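Engineer: The listed protein sequences derive, respectively, from chains A and B. Numbering follows my numbering, in which position 288 of the first sequence is assigned residue number 288; successive positions increment by one, without gaps. Numbering follows my numbering, in which position 172 of the second sequence is assigned residue number 172; successive positions increment by one, without gaps.
Source of the hints: derived by calculation from the structure; they are not laboratory data. One or more of the hints may lead you astray.
As the list claims (entries may be wrong) - Below 20 Å or equal to it, Euclidean Cα-Cα: the simulated DMTMM-like pairs (lysine to aspartate or glutamate) are:
{"id": "1", "chain 1": "A", "residue 1": "Lys315", "chain 2": "A", "residue 2": "Glu281"}
{"id": "2", "chain 1": "B", "residue 1": "Lys79", "chain 2": "A", "residue 2": "Glu62"}
{"id": "3", "chain 1": "B", "residue 1": "Lys185", "chain 2": "A", "residue 2": "Asp155"}
Claimed, not checked - Derived Cβ-Cβ restraints for the label pairs, each shown as a range:
{"id": "4", "chain 1": "B", "residue 1": "Lys79", "chain 2": "A", "residue 2": "Asn224", "range": "28 to 34 Å"}
{"id": "5", "chain 1": "B", "residue 1": "Lys136", "chain 2": "A", "residue 2": "Glu97", "range": "54 to 60 Å"}
{"id": "6", "chain 1": "B", "residue 1": "Leu137", "chain 2": "A", "residue 2": "Lys110", "range": "25 to 31 Å"}
{"id": "7", "chain 1": "B", "residue 1": "Lys79", "chain 2": "A", "residue 2": "Lys32", "range": "33 to 39 Å"}
Said to hold, decoys possible - Computed from the model, here is a short list of chain A residues facing chain B with C-beta under 10 Å:
{"id": "8", "residue": "Ile186"}
{"id": "9", "residue": "Lys195"}
{"id": "10", "residue": "Pro214"}
Since the structure is predicted, the reported quantities are computational estimates derived from the model, not experimental observations. Glycine included, each C-beta is placed from N, C-alpha and C at the ideal position.
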Amino acid sequence: MELYKFAIPEESSGVIIDNVNKLRKFEERLRKIFYEKNYLETLMPTFEYVELYKSVYKNLDESTLFKYIDKEGKDVALRWDFTVPLARYYIAQKKDEIARYCYFGKVYRKEKEHKGKSSEIYQIGTELIGKKAIEGDVECISLLQKSLPIFELRDLKIELGSARFYNRLCQLIGNEKKEEFSNLLIQKNISGLKKFSEKYNMEENLKHFITSLPRLNGNIDVLNETIEKLGDEELRNSLIELKELYETMNMKEQDLFDLACVPNMEYYTGIIFKVYSKYVEEPIISGGRYDKLYENFGKDVPAIGMAYYMNNILKAIAKVGEENAKNSIN
Amino acid sequence: MLKIALTKGRIERKMTETLKKIGYNIDPLINKDRELQINIEDKMEIIFAKSNDVVTFVEHGIVDIGIVGSDTLLENPFKDYYELLDLEIGKCSFAVCSYPNFKNVKFNRRKRIATKYPNIAKKYFESKDEDVEIIKLEGSVELGPVVGLTDAIVDIVETGATLKANGLEVIDTIIEVSTRLICNKTKFKYKKEEILNLIDLIEKYKITRIKG
Chain A
1 MELYKFAIPE
11 ESSGVIIDNV
21 NKLRKFEERL
31 RKIFYEKNYL
41 ETLMPTFEYV
51 ELYKSVYKNL
61 DESTLFKYID
71 KEGKDVALRW
81 DFTVPLARYY
91 IAQKKDEIAR
101 YCYFGKVYRK
111 EKEHKGKSSE
121 IYQIGTELIG
131 KKAIEGDVEC
141 ISLLQKSLPI
151 FELRDLKIEL
161 GSARFYNRLC
171 QLIGNEKKEE
181 FSNLLIQKNI
191 SGLKKFSEKY
201 NMEENLKHFI
211 TSLPRLNGNI
221 DVLNETIEKL
231 GDEELRNSLI
241 ELKELYETMN
251 MKEQDLFDLA
261 CVPNMEYYTG
271 IIFKVYSKYV
281 EEPIISGGRY
291 DKLYENFGKD
301 VPAIGMAYYM
311 NNILKAIAKV
321 GEENAKNSIN
Chain B
1 MLKIALTKGR
11 IERKMTETLK
21 KIGYNIDPLI
31 NKDRELQINI
41 EDKMEIIFAK
51 SNDVVTFVEH
61 GIVDIGIVGS
71 DTLLENPFKD
81 YYELLDLEIG
91 KCSFAVCSYP
101 NFKNVKFNRR
111 KRIATKYPNI
121 AKKYFESKDE
131 DVEIIKLEGS
141 VELGPVVGLT
151 DAIVDIVETG
161 ATLKANGLEV
171 IDTIIEVSTR
181 LICNKTKFKY
191 KKEEILNLID
201 LIEKYKITRI
211 KG
């Protein structure tokens, strides 16, 4: 019996002959941009202790890790992300200066069966360590803006959210209700937020504002209107911060703000951003400021980073190709 | 044009009614034969699918919006969508059901539970500090206790007629279930106006329905 000679495990990403040259081309161009801005290329280990990830991601879904028990009886996982190993690397250098790192490689995250998703995710990313907001944010976003044209994708939208805004919201609502609130907010659950605010008998203004949050996902007009209406100073200031960034960065009319943005990693503290293409169902790039991550390694260091999801970028490009082919036939 | 995946059967019928009430011409939906895709007034492109497939189509961005029961959403591992609205139709509940004397019986072994929803069943018994053996059935789950394969079932209860006809009853209600409108996250960024427009219409109708 010679079964499983041609089939590959479901976890594998397919063989991508067509896309390899594109992937390498993007890699090369990104590398050039990163090198010009003094980002040092790193090559992180493929295997990491599960403990490392668990100590940082308190809510880590362990079923997404590829893990085994090593000869010392410790749980070891295939690299699940780059940000945490790079944070450890920086701290181990025992320097206080600003560091700029970039990386090119795969992360391994188990996907559910037969869902048409691969568990090998090719990521390219940068970390800017030791530079505070707003200076650091500006550097990171301008690097992002500089890199976007190389993909030749139209209709890209950069979306900005604020962990500072979210944290203040949780404070106003009461931190003991944070989890319930966040679960509804992350889903933009209009009906759920309405019921939530009624259940806890919130005062009319707050009730109205909370229920309107899912709708506050749009261009600069949405941000301006909200800033005008807001009474709470901290909420206002966190949005003014976003507005200033938008103006400093000369961002575009189509770019978005998401006021219902919930930080998906506990360590995010400032701006959170994502880049969307209408051709793929997931963001093609995401990033944010995470000044609290380094606390896990016993040091207070500000940092901001971003990751390009190359699988999604290649998918978008393939879709554009298909569309163009279709149009040229018609 | 909004692309919508609609769960076939009961939810499809209730949603058709809602679409009519908020002013859409639903004749193509009523007159449909075996087509899997129907257009409405050049505003909506509706496909009909089984509940879990609705979630898969939303996940892959094949459609912008899915109309699906919260029972399916609870059981399905995919969570990365916006659950914009509770349509408050297709209401029913998840319940543990068995013969009336189930509560009084002392089991000296793991209870056996038949269900189509193993994740929900497991979570529920875990929350009661109980460990049970779950047997997944695809069809009439009530057969579990009836033929003696299992001690009880975890299933959706709407009217309870099937239960009653087989001598079973609700032992404990787990959670209320209703139909939800879910949305692919990226699609929301590109079609927000259209999507919110539909939501406003439904919300307005929901209010008049409550008042009426």
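Engineer: Assuming the hint says 54 to 60 Å, is it satisfied by the Cβ distance from Lys136(B) to Glu97(A) or not?
Structural biologist: holds, 58 Å
Engineer: Take a look at whether the Cβ-Cβ distance between Leu137(B) and Lys110(A) falls inside 25 to 31 Å.
Structural biologist: Because 27 Å falls inside the window, the suggested range holds.
Engineer: Taking the beta carbons of Lys79(B) and Asn224(A), is their distance inside 28 to 34 Å?
Structural biologist: holds, 32 Å
Engineer: Measuring from the C-beta of Ile186(A) to each C-beta in chain B, is the shortest one below 10 Å?
Structural biologist: holds, 9 Å
Engineer: Are the Cα positions of Lys185(B) and Asp155(A) separated by 20 Å at most?
Structural biologist: Status holds; Cα separation ~16 Å.
Engineer: Measuring from the C-beta of Pro214(A) to each C-beta in chain B, is the shortest one below 10 Å?
Structural biologist: Where the cut-off is 10 Å and the nearest Cβ of chain B is about 7 Å from Pro214(A), the hint holds.
Engineer: Against the range 33 to 39 Å, how does the distance between the Cβ atoms of Lys79(B) and Lys32(A) compare: consistent or not?
Structural biologist: holds, 38 Å
Engineer: For the pair supplied as a hint, Lys79(B) and Glu62(A), is the alpha-carbon distance within the 20 Å limit?
Structural biologist: holds, 16 Å
Engineer: At a threshold of 10 Å, is the proposed contact between Lys195(A) and chain B supported by beta-carbon distances?
Structural biologist: holds, 8 Å
Engineer: For Lys315(A) and Glu281(A), compute the direct alpha-carbon distance and say whether it is at most 20 Å.
Structural biologist: holds, 10 Å
Checked against the numbered hints above, the structure breaks none of them.
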